[in-house]
Amino acid sequence: MRFLNLITIAGLCVLGLPSSAFAQTNGKEVFREKLKEYAKTHQERFYETMPVLQPASESVAMPAPFVSGFMQDPETGLRYYPRYKKIYDPETKYAYDLLTGRIYKPE
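For the sequence shown, the residue numbers in mature numbering (1 follows the signal peptide of the UniProt record, and there is no 0) are -23 to -1, 1 to 84.
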């Protein structure tokens, strides 16, 4: 009898867990939560004079008018591109356009 109980419990765990515990998280929802946290805690810190990280700027021929720099939030990992007025998440690959207020996945 005890063996049947163990088999039943193991069967329920195997059948029940994939739908709940191992469910895939929606990337857009994860990005939306990160964006809310980013807006609550870090929006006031950005100024027009804030230093901008320009990756690989030393390898670009002079003059380099189209080098796109970004500021990365250390807590959420979101990147703010001041030139394009966009916030991008490298983990979920979603972006937020500050001018239109739209969340989308760049191609």
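No lab work stands behind these hints: they were computed from the structure.
Positions of the beta carbon are idealized from the N, C-alpha and C atoms, including for glycine.
Keep in mind that a hint or two might mislead.
To be verified - Label-pair restraints from in silico Cβ distances:
#1 Glu84 <-> Lys17: 25 to 33 Å
#2 Gly46 <-> Asn3: 27 to 35 Å
#3 Leu75 <-> Glu10: 15 to 23 Å
#4 Glu84 <-> Thr18: 24 to 32 Å
#5 Arg60 <-> Asn3: 24 to 32 Å
#6 Leu76 <-> Gly46: 16 to 24 Å
#7 Pro59 <-> Arg79: 24 to 32 Å
#8 Glu6 <-> Asp74: 27 to 35 Å
As the list claims (entries may be wrong) - No farther apart than 30 Å at their CA atoms in a straight line, the calculated lysine-lysine pairs in the BS3-like style are these:
#9 Lys17 <-> Lys82
#10 Lys82 <-> Lys13
#11 Lys63 <-> Lys5
#12 Lys62 <-> Lys5
#13 Lys17 <-> Lys63
#14 Lys17 <-> Lys5
#15 Lys62 <-> Lys13
#16 Lys63 <-> Lys82
#17 Lys70 <-> Lys13
#18 Lys70 <-> Lys82
#19 Lys62 <-> Lys17
#20 Lys70 <-> Lys5
#21 Lys5 <-> Lys82
#22 Lys82 <-> Lys62
#23 Lys17 <-> Lys70
#24 Lys63 <-> Lys13
Each hint, compared with the structure:
no. : hint                        : verdict
1   : Glu84 <-> Lys17: 25 to 33 Å : 29 Å, holds
2   : Gly46 <-> Asn3: 27 to 35 Å  : 30 Å, holds
3   : Leu75 <-> Glu10: 15 to 23 Å : 18 Å, holds
4   : Glu84 <-> Thr18: 24 to 32 Å : 30 Å, holds
5   : Arg60 <-> Asn3: 24 to 32 Å  : 29 Å, holds
6   : Leu76 <-> Gly46: 16 to 24 Å : 18 Å, holds
7   : Pro59 <-> Arg79: 24 to 32 Å : 18 Å, violated
8   : Glu6 <-> Asp74: 27 to 35 Å  : 18 Å, violated
9   : Lys17 <-> Lys82             : 23 Å, holds
10  : Lys82 <-> Lys13             : 18 Å, holds
11  : Lys63 <-> Lys5              : 16 Å, holds
12  : Lys62 <-> Lys5              : 19 Å, holds
13  : Lys17 <-> Lys63             : 17 Å, holds
14  : Lys17 <-> Lys5              : 18 Å, holds
15  : Lys62 <-> Lys13             : 17 Å, holds
16  : Lys63 <-> Lys82             : 12 Å, holds
17  : Lys70 <-> Lys13             : 16 Å, holds
18  : Lys70 <-> Lys82             : 6 Å, holds
19  : Lys62 <-> Lys17             : 18 Å, holds
20  : Lys70 <-> Lys5              : 9 Å, holds
21  : Lys5 <-> Lys82              : 9 Å, holds
22  : Lys82 <-> Lys62             : 15 Å, holds
23  : Lys17 <-> Lys70             : 21 Å, holds
24  : Lys63 <-> Lys13             : 15 Å, holds
Consistency with the previously given hints fails for numbers 7, 8, ordered from lowest to highest.
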